[in-house]
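Student: Take a look at the letters that make up each chain.
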Amino acid sequence: MKILLSALAEKLGLEYTGDDIEITGVNTLEKAGNDQISFLVNPKYADLMESTRAGCVLTSGPHADKTKRALISSNVYMDLAKIVEMFAEPQGCLTGISDMAFVHPEAVVPDSVTVYPFVFIGANATIGEGTVLFPGVYIGEKTSIGSNCLFYPNAVVMGGLSIGDNAILQPGAVIGGDGYGYAQTPMGHQKIPQIGNVAIGDNVEIGSNTAIDRAALDTTKIGNGTKIDNLVQIGHNVEVGEHCLIIGQVGIGGSTKVGNGVVLAGQVGVADNAEIGDGAMIGAQSGIAGNVEPGSKLAGSPAMPAGTFLRASSVCLPKLPDLFKRVKKLEKELAAVKLAAENGDNDA
Amino acid sequence: MKILLSALAEKLGLEYTGDDIEITGVNTLEKAGNDQISFLVNPKYADLMESTRAGCVLTSGPHADKTKRALISSNVYMDLAKIVEMFAEPQGCLTGISDMAFVHPEAVVPDSVTVYPFVFIGANATIGEGTVLFPGVYIGEKTSIGSNCLFYPNAVVMGGLSIGDNAILQPGAVIGGDGYGYAQTPMGHQKIPQIGNVAIGDNVEIGSNTAIDRAALDTTKIGNGTKIDNLVQIGHNVEVGEHCLIIGQVGIGGSTKVGNGVVLAGQVGVADNAEIGDGAMIGAQSGIAGNVEPGSKLAGSPAMPAGTFLRASSVCLPKLPDLFKRVKKLEKELAAVKLAAENGDNDA
Amino acid sequence: MKILLSALAEKLGLEYTGDDIEITGVNTLEKAGNDQISFLVNPKYADLMESTRAGCVLTSGPHADKTKRALISSNVYMDLAKIVEMFAEPQGCLTGISDMAFVHPEAVVPDSVTVYPFVFIGANATIGEGTVLFPGVYIGEKTSIGSNCLFYPNAVVMGGLSIGDNAILQPGAVIGGDGYGYAQTPMGHQKIPQIGNVAIGDNVEIGSNTAIDRAALDTTKIGNGTKIDNLVQIGHNVEVGEHCLIIGQVGIGGSTKVGNGVVLAGQVGVADNAEIGDGAMIGAQSGIAGNVEPGSKLAGSPAMPAGTFLRASSVCLPKLPDLFKRVKKLEKELAAVKLAAENGDNDA
Chain A
1356 MKILLSALAE
1366 KLGLEYTGDD
1376 IEITGVNTLE
1386 KAGNDQISFL
1396 VNPKYADLME
1406 STRAGCVLTS
1416 GPHADKTKRA
1426 LISSNVYMDL
1436 AKIVEMFAEP
1446 QGCLTGISDM
1456 AFVHPEAVVP
1466 DSVTVYPFVF
1476 IGANATIGEG
1486 TVLFPGVYIG
1496 EKTSIGSNCL
1506 FYPNAVVMGG
1516 LSIGDNAILQ
1526 PGAVIGGDGY
1536 GYAQTPMGHQ
1546 KIPQIGNVAI
1556 GDNVEIGSNT
1566 AIDRAALDTT
1576 KIGNGTKIDN
1586 LVQIGHNVEV
1596 GEHCLIIGQV
1606 GIGGSTKVGN
1616 GVVLAGQVGV
1626 ADNAEIGDGA
1636 MIGAQSGIAG
1646 NVEPGSKLAG
1656 SPAMPAGTFL
1666 RASSVCLPKL
1676 PDLFKRVKKL
1686 EKELAAVKLA
1696 AENGDNDA
Chain B
1356 MKILLSALAE
1366 KLGLEYTGDD
1376 IEITGVNTLE
1386 KAGNDQISFL
1396 VNPKYADLME
1406 STRAGCVLTS
1416 GPHADKTKRA
1426 LISSNVYMDL
1436 AKIVEMFAEP
1446 QGCLTGISDM
1456 AFVHPEAVVP
1466 DSVTVYPFVF
1476 IGANATIGEG
1486 TVLFPGVYIG
1496 EKTSIGSNCL
1506 FYPNAVVMGG
1516 LSIGDNAILQ
1526 PGAVIGGDGY
1536 GYAQTPMGHQ
1546 KIPQIGNVAI
1556 GDNVEIGSNT
1566 AIDRAALDTT
1576 KIGNGTKIDN
1586 LVQIGHNVEV
1596 GEHCLIIGQV
1606 GIGGSTKVGN
1616 GVVLAGQVGV
1626 ADNAEIGDGA
1636 MIGAQSGIAG
1646 NVEPGSKLAG
1656 SPAMPAGTFL
1666 RASSVCLPKL
1676 PDLFKRVKKL
1686 EKELAAVKLA
1696 AENGDNDA
Chain C
1356 MKILLSALAE
1366 KLGLEYTGDD
1376 IEITGVNTLE
1386 KAGNDQISFL
1396 VNPKYADLME
1406 STRAGCVLTS
1416 GPHADKTKRA
1426 LISSNVYMDL
1436 AKIVEMFAEP
1446 QGCLTGISDM
1456 AFVHPEAVVP
1466 DSVTVYPFVF
1476 IGANATIGEG
1486 TVLFPGVYIG
1496 EKTSIGSNCL
1506 FYPNAVVMGG
1516 LSIGDNAILQ
1526 PGAVIGGDGY
1536 GYAQTPMGHQ
1546 KIPQIGNVAI
1556 GDNVEIGSNT
1566 AIDRAALDTT
1576 KIGNGTKIDN
1586 LVQIGHNVEV
1596 GEHCLIIGQV
1606 GIGGSTKVGN
1616 GVVLAGQVGV
1626 ADNAEIGDGA
1636 MIGAQSGIAG
1646 NVEPGSKLAG
1656 SPAMPAGTFL
1666 RASSVCLPKL
1676 PDLFKRVKKL
1686 EKELAAVKLA
1696 AENGDNDA
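Protein chains in written order, with this note's numbering: chain A, 1356 to 1703; chain B, 1356 to 1703; chain C, 1356 to 1703.
By construction, these hints were calculated from the structure, which means they are not laboratory data.
As the structure is a prediction and not an experimental result, all values here were calculated from the model.
Warning: the hint list may mix true and false statements.
All copies of an identical chain are treated as equivalent in the list; a pair is satisfied when it fits inside any one copy or across any two copies.
[Said to hold, decoys possible] Calculated lysine-lysine pairs in the DSBU-like style (CA-CA distance at most 30 angstroms, straight line):
1. 1546 to 1652
2. 1680 to 1693
3. 1546 to 1386
4. 1437 to 1497
5. 1386 to 1612
6. 1612 to 1497
7. 1546 to 1399
8. 1652 to 1612
9. 1423 to 1546
10. 1497 to 1357
11. 1693 to 1683
12. 1386 to 1497
13. 1399 to 1421
14. 1684 to 1674
15. 1423 to 1386
16. 1386 to 1357
17. 1357 to 1546
The following block holds chain A by itself, in its conformation from the complex (with noise of 0.2 angstroms):
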């Protein structure tokens, strides 16, 4: 893939700045040879723009005359994603139904799929044109997948579920593995048998490795446009809204419904039957642990004010012992002088 810096910003709209030049590729201010282009946002590593090697670098207005040749953007990631799309090779390299995968009779597949070897496809399942499914996924039975999705190796989506147009599934990824139900009785911890579903809207990705359990009696959801991280862990009957972001290894109980446009950063574990509003941003590692108001930005473990948490923990948790003397210190001193004044000594 070859095109001219002239073309390149025609198709986005964008003006450049610089003589035209030949474009064979994208990569950062460092690796960046004089005909790939690079980009820049963090104004931290705007010293990368008189040293790299780049033919040309995508950035905001400010910016654009530290370079021989700029694409000037006012929403640089989105052009950049526009741009790594141009180039982008994708994954895999074998295309049609292969005759060493699975195909249930029953199940509904067009030629348009890309079917590998060891892909298991179960009665009744319904595949969507274009979609891909790498070797080792798993389609359950009755399981309805969209159209443009793409599954990579080891997927599983068990049986029953839907999953809209465009999704992706990195590697191993499991959706629809039993929630984790069990009554306790006095033989033990007797399984309450999981048979409810799991909807995921259009344009969701999910990570490598991650978990969405199926409901226990109704439907685990995942909105439009949410995306999840690798490693992540999501209970039976959680409702996720659209848009989310949810980063590497965050944990949601069962039952819990976040709402739309939630951040939740690395690490965060959300209890059972909690409620985040919209737009709620959680730092990483915290806690949630009951409701959560829209547009709250949350911090710790448990989780208060990001602001509250930053000062409490940063700030003062290491003073901590410090704090410990000096209170130690005033009750003595604090002694000293009530003595003082008891024994009517004013000259101590």
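Got chain A; can you put chains B and C on it based on the hints?
Tutor: For chains B and C alone, kept in the frame of chain A given last:
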């Protein structure tokens, strides 16, 4: 599956109120239709008893009069488990031993076993009657699997292990990967081969993408009836007792001993060589680094009595910045008082 | 495998005490039989030296006289690794290249490689001599794998990556899934295609169900000799140095740099764009959000010097409710003293 409420009640040995109807399924109070049974445990949701369309509600005596038909139980979850069991359809759509699987000629696989395509069963492995192995399951050589087990897609059981009856492995669970053991040498970390195994009891369930390591030399053990959630890490040589509940994303370090009936909530971390006594309950995200007395309720990282942690972290920690100000003010005022006293100045 | 103690000692260049016997295996002090060798490192378990039935104990000089036969080592773990290696039997039961595998005609797979059934090897992938690929392993197109690697069942290595010699992937490990990168746009989160790769050095081990993401544009790197435990998440563009130990459930955010010889204990979280200097040691469950000096020992979330954290969290935090009471009492008493002073009342 359809059953008269009267027949259902008789089967479970329960009483019911209202007239008899035909029950065709189970659902939540919000979702149940008038031919479905629902349930109520948490009084917080008692209002739903009035708005639900459910044909009948399984509940305890005190709530029974809030709905037109109630099935009255003294252990709602236990009876719910039994009812759901009646209506549950098992996952999967094949029976028999697929000729797209690999079964080693020296493996012992009775005819009652279901072996899906792309299952691998190694030499001298033995599989118990009625066990179901979904696509992508790996059973290593010399491993012994009990009867009526369900191993979902891509679950891995390495060689030389044993698993009891009625075990459930959710998709992607890994049993018997190597433990994490290295000798520090001048040439770097030298792997200590992990030649031990894993022994899992009866009625154990293991969640999606959970990993349980084989012992270095002897045996990693999981006791009867213990239920392990998704994405849990259990290190080599760990011994977990019977009827424990180990919730999502818990990590247990090597050689740790966990007693019977222990509950480890989500994202708990337990260090190497710890001992947790019978019946201990550890709050979410806690960190355990030593021995825990039987019956303890701990929380925090490092863990302390749960009540203490709650007060210290929920109540006190957010007020810590303010406490520092109060102590500073005390110091100033006390200094002023002392100075005044030194000056014999009592008028200030 | 049987070996005379005298021959074993000679092989390792070690001295032994007591008479010569035949050794048939290795086990713990509790479990070893009288034809097995055991070992002692931790003096805490020295009492077991007297009760053990082990035929011989590998230990350092100071403990050698506590047992009838000792093999004396100045690096017990290193010599243990060598002894266990002698007795270890490799996992697996097949050799050769299975015709139930899919090997792309344009892949390079020497005859010395073992390819189990249900392995997928993509176009232009190259596999080094003696490497073993267990069932369900996926090797993407153009990926290069070194010699003598062991990839256990269902491990996934996506396309365009490189892995050095002697690498071990435990079951379900995923290398080269897409990094988590999205542009915020008016239409929601737009995926930035992840067109970079992953380069893993020699002698690296990667645990069960661990996920290492491909770079956005250039290369995610894992240095020689680094050992990564189970369920670890490593984000895109991360560079991990040589001989690091990264324990279970650690998460490392995108573009972070980890030096050589770093130890990250269990469940540590490292934010995006952090830098951790050589030889740093980070305590379990800690949170790292910025730069860490080489050789630092940190703990806590957010992290602080480990000693400070221990005092602040183990000693002070539980006493915090009491500290608030003490400060309140001080405030009251000081107010009384001031009031008395104002009243010129020194008798109280």
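Student: All hints are to be evaluated individually against the structure, with a verdict given for each.
Tutor: Comparing the hints with the structure gives:
1. 1546 to 1652: between (37 angstroms within a copy, 25 angstroms between copies)
2. 1680 to 1693: both (20 angstroms within a copy, 19 angstroms between copies)
3. 1546 to 1386: Classified as between; 22 angstroms across copies, 54 angstroms inside a copy.
4. 1437 to 1497: between (36 angstroms within a copy, 25 angstroms between copies)
5. 1386 to 1612: Answer is between; shortest inter-copy Cα gap is 16 angstroms, intra-copy 43 angstroms.
6. 1612 to 1497: Within one copy only: 26 angstroms inside, 43 angstroms across.
7. 1546 to 1399: between (54 angstroms within a copy, 24 angstroms between copies)
8. 1652 to 1612: Answer is both: 17 angstroms inside a copy and 27 angstroms across each meet the 30 angstroms cutoff.
9. 1423 to 1546: The answer is between: 29 angstroms across copies meets 30 angstroms, while 66 angstroms in one copy does not.
10. 1497 to 1357: Intra 44 angstroms, inter 21 angstroms, cutoff 30 angstroms: inter-copy only.
11. 1693 to 1683: So residue 1693 and residue 1683 pass the 30 angstroms test inside a copy (15 angstroms) and across (17 angstroms) alike.
12. 1386 to 1497: The answer is between: 21 angstroms across copies meets 30 angstroms, while 48 angstroms in one copy does not.
13. 1399 to 1421: within (14 angstroms within a copy, 62 angstroms between copies)
14. 1684 to 1674: For residue 1684 and residue 1674, the Cα distance is within 30 angstroms both inside one copy (15 angstroms) and across copies (17 angstroms).
15. 1423 to 1386: within (17 angstroms within a copy, 63 angstroms between copies)
16. 1386 to 1357: within (18 angstroms within a copy, 55 angstroms between copies)
17. 1357 to 1546: between (58 angstroms within a copy, 22 angstroms between copies)
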